[in-house]
Structures are given as C-alpha cells and as structure tokens.
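As a plain string of letters, each chain reads:
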Amino acid sequence: MDLLRFITAGSVDDGKSTLIGRLLYDSKNILIDQLEALEKSTKNRTDGSVDLALLTDGLRAEREQGITIDVAYRYFTTPKRKFIIADAPGHVQYTRNMITGASNANLIIILVDARQGVVEQTRRHSIIASLLKIPHVVVAINKMDLVEYSNDVYNNIVIDYAGVAKQLGLNDVTYIPISALNGDNIVDRSAAIDWYTGKPLLELLEEVEIDNDINLTDARFQVQLVIRPQTDDLHDYRGYAGKVISGIYKKGDKVTVLPTGIETTISKLEVGGEEVDVVFAPQSAVVQLADDIDISRGDAIAKIDNQPQVSNELEVLLCWLDDKPLVPGNKYYLQHNSRLVRAVVKQIDYKLDVNSLQQQPIEGNVKLNEVVKATIKTASPIVYDSFQKLNVNGNAILIDETSNATVAAVLIQ
Amino acid sequence: MSNYHLNYLEELEAESIYIFREVAAQFERPALLFSGGKDSITLVHLAKKAFAPGKIPFPLVHIDTGHNFPEALAFRDQLANEVKATLTVRKVVDTIKQRSLTEPKGKFPSRNWLQTYTLLDTIEEFKFDCCIGGARRDEEKARAKERIFSVRDEFGQWNPKLQRPELWTIYNGRIHKGENVRVFPISNWTELDIWNYIRKENIGLPSIYFSHEREVIEHEGQLVAMSEYVQPGAEDVITTKKVRYRTVGDMTCTAAVESTASTLDEVINEIISTKISERGETRIDDRVTEAAMEDRKKNGYF
Numbered sequence: 001m002d003l004l005r006f007i008t009a010g011s012v013d014d015g016k017s018t019l020i021g022r023l024l025y026d027s028k029n030i031l032i033d034q035l036e037a038l039e040k041s042t043k044n045r046t047d048g049s050v051d052l053a054l055l056t057d058g059l060r061a062e063r064e065q066g067i068t069i070d071v072a073y074r075y076f077t078t079p080k081r082k083f084i085i086a087d088a089p090g091h092v093q094y095t096r097n098m099i100t101g102a103s104n105a106n107l108i109i110i111l112v113d114a115r116q117g118v119v120e121q122t123r124r125h126s127i128i129a130s131l132l133k134i135p136h137v138v139v140a141i142n143k144m145d146l147v148e149y150s151n152d153v154y155n156n157i158v159i160d161y162a163g164v165a166k167q168l169g170l171n172d173v174t175y176i177p178i179s180a181l182n183g184d185n186i187v188d189r190s191a192a193i194d195w196y197t198g199k200p201l202l203e204l205l206e207e208v209e210i211d212n213d214i215n216l217t218d219a220r221f222q223v224q225l226v227i228r229p230q231t232d233d234l235h236d237y238r239g240y241a242g243k244v245i246s247g248i249y250k251k252g253d254k255v256t257v258l259p260t261g262i263e264t265t266i267s268k269l270e271v272g273g274e275e276v277d278v279v280f281a282p283q284s285a286v287v288q289l290a291d292d293i294d295i296s297r298g299d300a301i302a303k304i305d306n307q308p309q310v311s312n313e314l315e316v317l318l319c320w321l322d323d324k325p326l327v328p329g330n331k332y333y334l335q336h337n338s339r340l341v342r343a344v345v346k347q348i349d350y351k352l353d354v355n356s357l358q359q360q361p362i363e364g365n366v367k368l369n370e371v372v373k374a375t376i377k378t379a380s381p382i383v384y385d386s387f388q389k390l391n392v393n394g395n396a397i398l399i400d401e402t403s404n405a406t407v408a409a410v411l412i413q
Numbered sequence: 414m415s416n417y418h419l420n421y422l423e424e425l426e427a428e429s430i431y432i433f434r435e436v437a438a439q440f441e442r443p444a445l446l447f448s449g450g451k452d453s454i455t456l457v458h459l460a461k462k463a464f465a466p467g468k469i470p471f472p473l474v475h476i477d478t479g480h481n482f483p484e485a486l487a488f489r490d491q492l493a494n495e496v497k498a499t500l501t502v503r504k505v506v507d508t509i510k511q512r513s514l515t516e517p518k519g520k521f522p523s524r525n526w527l528q529t530y531t532l533l534d535t536i537e538e539f540k541f542d543c544c545i546g547g548a549r550r551d552e553e554k555a556r557a558k559e560r561i562f563s564v565r566d567e568f569g570q571w572n573p574k575l576q577r578p579e580l581w582t583i584y585n586g587r588i589h590k591g592e593n594v595r596v597f598p599i600s601n602w603t604e605l606d607i608w609n610y611i612r613k614e615n616i617g618l619p620s621i622y623f624s625h626e627r628e629v630i631e632h633e634g635q636l637v638a639m640s641e642y643v644q645p646g647a648e649d650v651i652t653t654k655k656v657r658y659r660t661v662g663d664m665t666c667t668a669a670v671e672s673t674a675s676t677l678d679e680v681i682n683e684i685i686s687t688k689i690s691e692r693g694e695t696r697i698d699d700r701v702t703e704a705a706m707e708d709r710k711k712n713g714y715f
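These protein sequence lines are chains S and H, in that order.
Residue numbering for the first sequence follows our numbering, beginning at 1 and increasing consecutively.
Residue numbering for the second sequence follows our numbering, beginning at 414 and increasing consecutively.
Please keep in mind that the hints were generated in silico from the structure rather than gathered at the bench.
Even for Gly, the Cβ is constructed at its ideal location relative to N, Cα and C.
Check each hint, because a few of them may be wrong.
[To be verified] In silico SDA-like pairs for lysine to any residue, Cα to Cα no more than 20 Å straight-line: (1) 518(H) x 681(H); (2) 461(H) x 294(S); (3) 250(S) x 419(H).
[What the hints assert, rightly or not] From the structure, some residues in chain S lie toward chain H, with a derived Cβ separation under 10 Å: (4) 82; (5) 227; (6) 229; (7) 388; (8) 392; (9) 399; (10) 403.
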C-alpha cells in the first residue's frame, strides 16, 4: 500500500469541504461520534441535512464564519491506498495557506462550480499548481445537480479549462463531473450522469500512477547532522545523517561533497541503524565516507558523474507570503532543505500576474501573495537544481531575520 | 513497480526520522515529552532509529499528573533505561502546592488541564527551546490544523491565525528568546498507522493495551477504571470486566474498551472494525465543548 498526498482547491463556495466530507463519509472513514458531533453542530440548520463541511473546519473562527482559514489535514485509507488530504482555503487572502498545502501534494483537485465555469480563482489555483509542479491535476466540475447534470455545460467547461492547462503546461489533467452534496461520482458512479464514462473520483485517486513522481535518476543527498557517538566501541564512527532527496546511492559509489568539491567513496550505508547496500529517495539514511573530510549540516553529497549546480547568486521566483512587504536590499535567511544561509534580495525584475501569467513592472514594494522574478545573493554557496528540473532540490524559503517568520516560497530557476 | 519503492509506513517513518534530525540540529535544548502511551513509545522508537548508532540526544520529559496507570509508569522507567535516555519527571501535584492551584473536584477529578502549568514551569526550568510531542492530526479537529513545527509564544500559547507557512520539507525552527517550538513528528500518522507500525517493528507496549480484568464503573456509556483517584457515587455499580485501553492517559479521564483482544493482531482487527474514534471512545475530558482542544492549545497545552 502506498501513500498519496493531495490538495483540494476552489473558490469560497465551490464545496471543497463538502467534497472532503463526502469522500470520508462515503468511504466509511467517518466514525459514529464524529457524525454525532456533526449532527449536533448542524441542528440549527433549517433543512435538517448534515453539513459535511463542518468535518474539516476545525477552528472556532472557521465554524463561526463558515469558511476555511488554514490548511486542515485529513486522513483516510482504502484497501488500495493511504491518503493525506490538505484542505486548503480558496480565498485569495489565504493563498499562502494554499501554497503550504500544495507544496507536498502529488495531486490537486481543482473544484469548478458548474454554474460559474472557469473563473479567476480557477486560473490562480491552476497557476499555483503549475508553478509548484504538482504532477497530477483533477478538475472536478461540481454542483452538476444545479445544472440538471447537463453534458453541454460540462463539455464547455472542459474546453475552457483545456485552454488554461495548455497555456500552463499542465500535462496530466483529468475531468470529472460531480455533485459533492449528493455524492454523484464521488465513490460510486452516478446514475444521473450516465453520459460520463470515466472513473468516479475515489477510484481515480486510488489508481493514479505516482511511482514516477519521485526522481530516481539524479542522486541528491543533503546532510542534516553528523552522528558521532564517541563511545568506546564507536570511537571513530562518523556518519552523515540526512535525507535522500532524489535518486539512488549504493555502497562503493564515487561521490563528490559539495560545495567543497572533494571526491570520495561511500563506504557504508545505514537506515534506522541497520546496514544496507542501497538507499533511495525519500529514505532517511546515514552515509559513511571512505575519507575523513570536513562536512557539516547543509552540505550535499552527489555522484561524481551527475552533479547539481553550485552558486551564491540565484535567479528565483518568489511567492511572497508575509503581511509585511518585501523590501529590496533587505537581508533574509534562505533555507534550502537544511542549509541556512544569509541572503539578500538584490534585484526584482518583474511581477508575475497570477491570473494571466503576464510579466508586469513592479510598482512599489512586493506585497502578500504576489509572485516576482528576483535575484538573490547568498553569503555562502547553495547546492541546487532548478525547480523545473528537480523540484525537490530547487525549492527554498526566505525567513525574516527580525521576526523569524517564513516570508517567501523560493523556486530556483 | 520498481524495487526502489517505499510503502506508506516506510514513507511515514522516513518523514518522522527527518523531522527528529531537524530538531536535533536546529535546537539547543530540545526535549521529548513522554506520556507512557503508545504514541510517545513510538516516538522514542523513531528517535532511536534517527540517531543510531548514537544515543537519543535529548531527555525524555514526563509531566506526571499523579493519576497514571502504574503499569504505564513502570514501562516508562524501563524504556528510558533501555534507550539510555535521561528521564526527567515533574509532578503536577508539586505545581499545585507551589502555585496554590485548586485541585479539580468531582467524580473523576482530572488534572489534565493543570498539566499546562507544570509543562510551562518545566520548559522554563530547563530552558527547553523545543518540545517534541506525539500528537497526531487525525486525533482531533484543532490538531488537524497545526503545523509540524508549531511556534508558541513566551506564554506557551498557540496562535492558529499566525502559523508560519510550512513548505515542502523545510522546517523553520527559528525563534526569539523565551519562545519555544512544539514539534510533532508523527503528525501525519493515524491511529491505525501507529498500531501497524508497532506490529511491524515489534515495539513493546504496557500491558494495559491488551485485554485484562479490571474493576470498572460505567459513566455515560464509558468504562472508567476504579482507582483511588475516582470518587464513585452511591448510584455507581462496580463490576469486573475484560477490558483494554486504546489510549493511555490519566486514570480519571481515560476510558477502557470492553475487549478480549490479547495480541496485537486482535487489537488491530478490533480497531479496524470499530465505529467510534479514538478520542471519542476513550477521552472523557474532550466531550465538553467542540473547541475544547483549540482552547487548551491556545493556553499552552501540548
């Protein structure tokens, strides 16, 4: 059994939370007491139905306002897969929360209200999916019950969205007509939508191929900490603990330590204290090297014939996530996996309109939820790949050194 | 499918180990909050793997309400000894004395809420900048919203509206003096994941997780163990039943489940077929208001 992480996105009333509630409910992942609590909180509703959205809106303010403010994580399992859902808010004000949820997703479900069609938010969410390189996109055309399950309405939305997908380079897009409220095409095929011949949503989620989402070609490893027990029996033990970001490492591999560029050989590999011959992404491992080299947290180990880039000047796309604006020339910390360095945003070239993808000139400071192309200079070199080539080694964050807040998502170009 | 493929438990394990190592590298004085329950026992197992062949580089800290199951306490001491970790115990009853707090009253006097005082005092005493906890997002709605690295202010308070974006697998643990971070390495595990992992890794548990005979009273449909801390009323009938625990908290606020499951396989089968959630079935204190957990977290709770 494997693990699929997905995110749901849509405009404020597109029915995201209802969809998740429906998935949990129809796949029998909601238990009696949770349902009772739900019924208790919906008792005051006039139509007497249970509001499935209340299953996911966990904060008092969310229940009071009837909207989702922050990402809620939900878990369910079918005999085929374990699922982690990031239920992200749709409102533009909470784009940063959506980016949080989207950054780890294999798949995104973009909800479209059948009555509204492709709207500005649909485009914005799709652009985020494309920027963050989410491998699989499902366009769920919801509220089909409110357009009399019309095939024409559905077809027109599919044609519209196909244009968006093409422009954004979204490759794996699947369309499903659903009604989250009534459960059409969620777990079971809908009788009311007999013209739809594809899979219902849950089946699609269970069967989408995710093995290829992990890059096993370009081997990247970053050191989180050095393990040196310094006990009598392990006196000379020196192991580099970290995550295999991508690719495969074998005992005996010739490797280069970066950014120093020193070459050596892998002498031993361990996972969880057990010696192994091979480690691969996304395992947490300990690597031992044949030579004594000065290596510390944030250094990278790559194979000598397949190396990442090393630079202290980065061309990046920045998604600004803080209420305080980005002030060019300000100093920040840049964190690239475990590597933390001081950085300065040297130059901002243009702003990317997240509704049209057009490049626009910068007017004033860069504000919350804006995406800009910039140049960052770091105090010491970063070992990276472009986000486009190898997203897991091409992402970073900026941290405000005075507030310690995470202020930007960084996509290295 | 290639040979280079992790199943869901291996993937969750890799993620948790990664988080543990980030904690050890980013913080000066981290601590693992250890309750004696299966989730914190799993945490210790993961920490052991994360730093092998070295020792776990932080102490285990137990905030002891004084209402614990003796089996859980014995297990705690044995485990700490086994992994050669420092065990620090701070007692709620001492905080009650020192701070002249009011002891809770009633039939099931729960010190659960008072733990926050002891926890914050302990953080202050040892200047812990990070506390690792075994909370899971599937447990409860407010927990479902909390980040893996959850920054608390100098009063230990969680501010759900000011959470840092947590992107990819980059964890920002930078804080100001006086603040601390609560880190939850098993956020993405469910109750069943924990049980399946315990079975896969052959992790030992206190005996009360398996079927045993116990004197209980029935309270609003839940079975509460008789103990010196419980004050039964005249209407309460004490019976002996075969029970096991699904969670292990205080004797006053953790309910037992009637069960004959005496092996891990049997327990897992029962959990798969149960119709009630973990907290709903076993936590007496959570049923007060829908926002009970959110309110406690805002006040500095785990």
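We went through each hint and held it up to the structure:
no. : hint            : verdict
1   : 518(H) x 681(H) : violated, 36 Å
2   : 461(H) x 294(S) : violated, 25 Å
3   : 250(S) x 419(H) : holds, 17 Å
4   : 82              : holds, 4 Å
5   : 227             : holds, 5 Å
6   : 229             : holds, 4 Å
7   : 388             : violated, 15 Å
8   : 392             : holds, 7 Å
9   : 399             : holds, 6 Å
10  : 403             : holds, 9 Å
Of the numbered hints stated above, those contradicted by the structure are hints 1, 2 and 7, listed in ascending order.
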